[in-house]
Structures are given as C-alpha cells and as structure tokens.
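Undergrad: Letter by letter, the chains look like this.
There are 2 protein chains.
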Amino acid sequence: MKSYKTYPAGTSIVRAGDPLDFVGSVVQGVASLSQTMEDGRRQMVGLLLPSDFVGRPGRAMAKFDVEATSEVILCQFNRAPFERFLHATPHLHERMLEMALDELDAAREWMLLLGRKTAREKIASLLLIVAKRQNAAPVLDGIGMVKFDLNLTREAMADYLGLTLETVSRQINALKKDGIIQLEKKRQICVNNIDQLRAETGTDFEG
Amino acid sequence: MKSYKTYPAGTSIVRAGDPLDFVGSVVQGVASLSQTMEDGRRQMVGLLLPSDFVGRPGRAMAKFDVEATSEVILCQFNRAPFERFLHATPHLHERMLEMALDELDAAREWMLLLGRKTAREKIASLLLIVAKRQNAAPVLDGIGMVKFDLNLTREAMADYLGLTLETVSRQINALKKDGIIQLEKKRQICVNNIDQLRAETGTDFEG
DNA sequence: CGTAGTTTTGAGTGTACTCAAGTCGTGTGG
DNA sequence: CCACACGACTTGAGTACACTCAAAACTACG
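Residue numbers (numbering that gives the first Met the number 0), protein chains in the order written: chain A, 0 to 206; chain B, 0 to 206.
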C-alpha cells in the first residue's frame with residue numbers, strides 16, 4: 000500500500016488526463032502542478048514542497064500535470080486502500096479539509112498576483128514566498144538578511160508568474176541593480192533586507 | 000443558530016480583516032469574493048452563486064471581501080454552534096472536503112485564465128462559465144443557442160478577469176461584431192452557437 | 001427634465017511580449 | 001587539456017496588446 004519513489008529532475012510524475020492510481024505527499028524536492036494549452040502556453044497552479052499532498056481522493060483521473068522540478072522523493076499510497084482507510088478514519092477528513100482550505104487560500108492569493116500585479120511585484124512576491132517556506136526562522140530576525148536556493152529555472156518561474164522567461168530575467172536583474180537582492184550562483188538569492196523586498200510585492204502580508 | 004438575511008445589491012457582506020461570526024450559503028443572487036490592494040487594484044477570487052458556501056469553519060477572521068453583486072439572500076449559521084454540530088457529525092467533513100476540492104480545481108483553472116489567456120479568451124471563458132451555471136441543460140442541445148442574464152457590471156467582470164472595464168467593453172462588442180454573441184439589454188447575452196464561443200476560450204473543457 | 005451610474009468610443013502610451021543574438025556555465029569527447 | 005556542444009541565462013531592438021485618460025452616449029430613476 001505504501002511506497003517511496005524517486006523521480007529525477009525534469010521528469011513527469013503525472014500527466015493531465017492519465018489515470019491516477021495513487022495519492023501521496025512530497026518527502027523531498029520541488030514538484031510543480033501545471034496546466035498546458037494546446038498551443039503550448041503553460042501556467043503553473045501549484046508549487047509542491049515537502050509535506051504537500053499530491054492527488055485527489057475520489058478522483059481516478061488526473062486533472063493537472065505534475066512534474067519534478069528538482070529530484071523528488073514521493074511517499075505514495077495506492078488509491079483504493081487509501082480511500083478505504085480514509086473512510087474508516089473519519090478524523091482524517093477533518094485534517095484533509097484543513098489542508099484543502101489552506102491551499103484554496105493560497106490559490107486565491109495567487110489569483111491576485113496573476114491578475115493584478117506588475118512583473119516586478121510578481122518576482123518580489125515569489126522570492127518572498129520561497130524565502131519564507133525554505134527558511135522560516137531567519138526571516139523574522141532584526142536585520143532581515145536572508146539567503147536561500149531558488150531551485151527553479153527562469154522558465155519555471157515564468158510559468159508560475161504568468162510572464163515570459165525574458166521578463167523574469169530582466170526583473171531579477173533590475174532588483175539586483177536596485178540593491179534589493181544579490182545573486183551568488185544564478186539560483187542562489189541573497190536578500191539584504193527582507194522588509195525592502197516586502198515593500199516591492201505590492202501587498203502587506205503573504206505575498 | 001440558523002437565519003436568513005437579505006443584502007441589497009452593491010452592499011458589503013463581509014470585509015477582509017473583520018471578525019466573522021457566521022458561515023452560510025447563498026440562497027439567491029450573486030455575491031463576489033475579492034481582494035483589494037492598498038492602491039485600489041482589485042481582484043475577484045470567486046463568484047458565489049446559489050448553493051455556494053461562505054466563510055471558513057475554524058477561522059474567526061475574514062480573509063477576503065464578500066459583496067452582494069445583485070441582491071443576495073444568505074442562509075447563515077452562527078459559527079460556534081455550527082462548529083459544534085460539525086464536530087458531532089463526522090460525515091459532514093467529507094462533504095465539505097468535496098466542496099473545497101471542487102473550489103480548488105476551479106481556482107486553478109482560473110489561474111490559467113488570469114496568467115495566460117488573452118482578453119478575448121478571458122471574456123469568452125467567463126461567458127461560457129456563467130452560461131453553464133445558470134442554464135445547465137440548453138448548453139447541451141444540438142443547435143447550441145443559449146440566452147442568459149449576466150448580472151455583473153463591466154467593472155465586476157474586469158475585476159474577475161484581471162482586465163480594465165474599458166477592455167471588457169471593447170472585447171464584448173468585438174464578439175458581438177463577429178457574430179459570436181448578441182446583446183439584448185446590456186446585461187443579457189444571447190449566444191448563437193455555443194461551440195463557436197467555446198472555440199474562442201482557448202481551452203477545451205471548462206473554460 | 002436633470003442627474004448619477006454605467007457603458008461605449010477615441011487617442012495616445014507603456015509594460016511586457018516576440019524574435020534574435022550573444023554570453024555564461026557545465027559536461028563530453030577528441 | 002582544450003574544443004565543442006548544450007542548456008540556461010542575459011541583453012537588445014522592435015512590436016503589440018491592453019492600459020490610461022478623456023469625452024460622449026446611453027439608462028434608469030427621481
């Protein structure tokens with residue numbers, strides 16, 4: 000019933016429309032949930048980090064693509080036995096409801112970003128979110144200096160933010176030129192002052 | 000514990016940040032769930048039609064604005080007794096989980112619209128969604144002629160689609176000039192051929 | 001008939017897109 | 001060890017789609 004599986008970076012975990020015979024959760028790595036239009040336009044609709052749930056109980060068909068952005072370790076459960084267990088454990092529904100509602104809130108905040116924020120605000124918001132999730136404690140310190148890895152290509156960021164990869168590149172370099180961030184190794188971001196970054200997101204909390 | 004309340008069109012039902020002491024569901028009318036930035040930019044993150052749930056069990060503070068777009072009748076439950084009832088009725092969690100997951104899917108499809116669709120595709124998608132929800136059966140008939148009311152101002156549509164009201168107006172009139180739709184009374188839409196409209200959405204299913 | 005709200009239309013602008021070339025970094029094979 | 005190739009990233013020039021600002025037309029209502 001339960002198994003661990005490793006997916007190399009860049010590979011597909013599930014494709015939209017495929018039968019989906021398992022559910023699971025991310026143990027390690029970064030996976031993305033996305034949607035693609037016939038002409039190739041792509042929109043990421045979720046960033047799956049460790050502890051995030053994959054799949055939907057009660058649905059046999061995948062609705063979105065799931066891809067391993069970095070190498071991903073997934074803890075998988077076969078769907079049928081998992082659902083029997085779910086029904087035998089009423090308390091679990093409550094926990095899953097909590098998780099679904101949290102994701103729904105996050106999706107709605109993302110809608111504000113996609114619909115109304117400028118390219119610069121989108122980039123700043125993404126950096127702030129990733130900084131928060133990867134590095135929860137230091138964000139709160141007084142000086143506000145934070146360093147973290149951004150395990151996403153420019154293209155993945157673009158798909159997440161509803162931009163082109165060129166615009167992502169230009170805006171990241173603009174933030175760097177303005178002294179908001181520093182780049183050490185292309186994918187490693189150093190934020191000098193987290194409040195300064197927050198001011199660039201356009202919104203107070205989240206971003 | 001349970002009561003019905005009527006909100007006139009254009010009034011606020013809940014404001015983000017306010018204490019929220021009830022949950023409920025829409026009985027009649029159209030309400031909107033939205034977020035506003037300090038400088039006034041606004042993004043609708045949900046369209047609440049009859050049968051849709053309002054509020055989040057377990058949270059005392061509203062995270063989004065809820066407004067009556069048309070006159071709205073809400074069936075309300077006080078939060079504390081509702082939550083006691085929820086805990087005494089484990090089966091209810093399952094039902095609420097289903098609803099939350101459906102909303103999450105809808106939110107994710109909306110993210111594709113906001114991030115990647117053109118103004119024309121956005122309008123066509125909105126019209127198709129409202130047509131489906133208000134008028135489920137006729138959408139499926141052979142000829143594909145559908146008539147329905149669009150109880151939204153141009154501004155509300157703009158906030159939902161991440162556009163300006165001027166762009167909404169221009170695109171609606173463009174669809175009319177191209178013979179995809181007809182306008183009877185500004186807010187009443189007549190779709191000649193639903194498949195033609197679907198072709199304008201950029202995606203297969205939903206829109 | 002006048003006023004306020006909504007919608008349409010016009011003209012000009014700007015942000016992000018497209019297309020294209022060039023640079024950097026890393027891994028491979030001669 | 002260097003040459004090369006490949007992918008990721010950067011940078012530039014030109015364009016287009018949607019935005020902004022402004023005015024006019026339509027609607028509803030007192």
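Any given hint could turn out to be false.
No copy labels: a pair is met if it fits in one copy or bridges any two.
[To be verified] In the EDC-like style, the derived pairs of lysine to aspartate or glutamate whose C-alpha atoms are separated by at most 20 Å in a straight line are:
hint: 1; residue 1: 1; residue 2: 97
hint: 2; residue 1: 62; residue 2: 102
hint: 3; residue 1: 62; residue 2: 203
hint: 4; residue 1: 4; residue 2: 183
hint: 5; residue 1: 175; residue 2: 70
hint: 6; residue 1: 184; residue 2: 93
hint: 7; residue 1: 146; residue 2: 93
hint: 8; residue 1: 176; residue 2: 93
hint: 9; residue 1: 185; residue 2: 102
hint: 10; residue 1: 146; residue 2: 101
No lab work stands behind these hints: they were computed from the structure.
Fair warning: this is a prediction, and the values are worked out from it, not measured in the lab.
Undergrad: Now tell me if each hint is right for this structure.
TA: Against the structure, the hints come out as follows:
In the homo-oligomer, the alpha carbons of residue 1 and residue 97 never lie at most 20 Å apart, since the shortest distance is 23 Å inside one protomer and 24 Å across protomers. Taking CA atoms no more than 20 Å apart as the test, residue 62 paired with residue 102 passes in both settings, with 16 Å inside one copy and 13 Å between copies. Proximity of residue 62 to residue 203 under the C-alpha cut-off of 20 Å is restricted to the inter-copy arrangement: shortest distance 13 Å between copies versus 33 Å within a copy. Taking the closest pair of Cα atoms, residue 4 and residue 183 never come within 20 Å of each other, the shortest separation being 32 Å inside a single copy and 57 Å across copies.
When the C-alpha separation of residue 175 and residue 70 is checked against a cutoff of 20 Å, the pair qualifies neither within a copy, at 28 Å, nor between copies, at 49 Å. Proximity of residue 184 and residue 93 under a CA criterion of 20 Å is satisfied in neither setting, with 43 Å inside one chain copy and 46 Å between copies. With identical chains, the CA atoms of residue 146 and residue 93 are never at most 20 Å apart, being 36 Å at best within one copy and 41 Å at best between copies. For the homomeric pair residue 176 and residue 93, neither the shortest alpha-carbon distance inside one copy (47 Å) nor that between copies (51 Å) is at most 20 Å.
Taking the closest pair of Cα atoms, residue 185 and residue 102 never come within 20 Å of each other, the shortest separation being 29 Å inside a single copy and 37 Å across copies. For the homomeric pair residue 146 and residue 101, neither the shortest alpha-carbon distance inside one copy (26 Å) nor that between copies (37 Å) is at most 20 Å.
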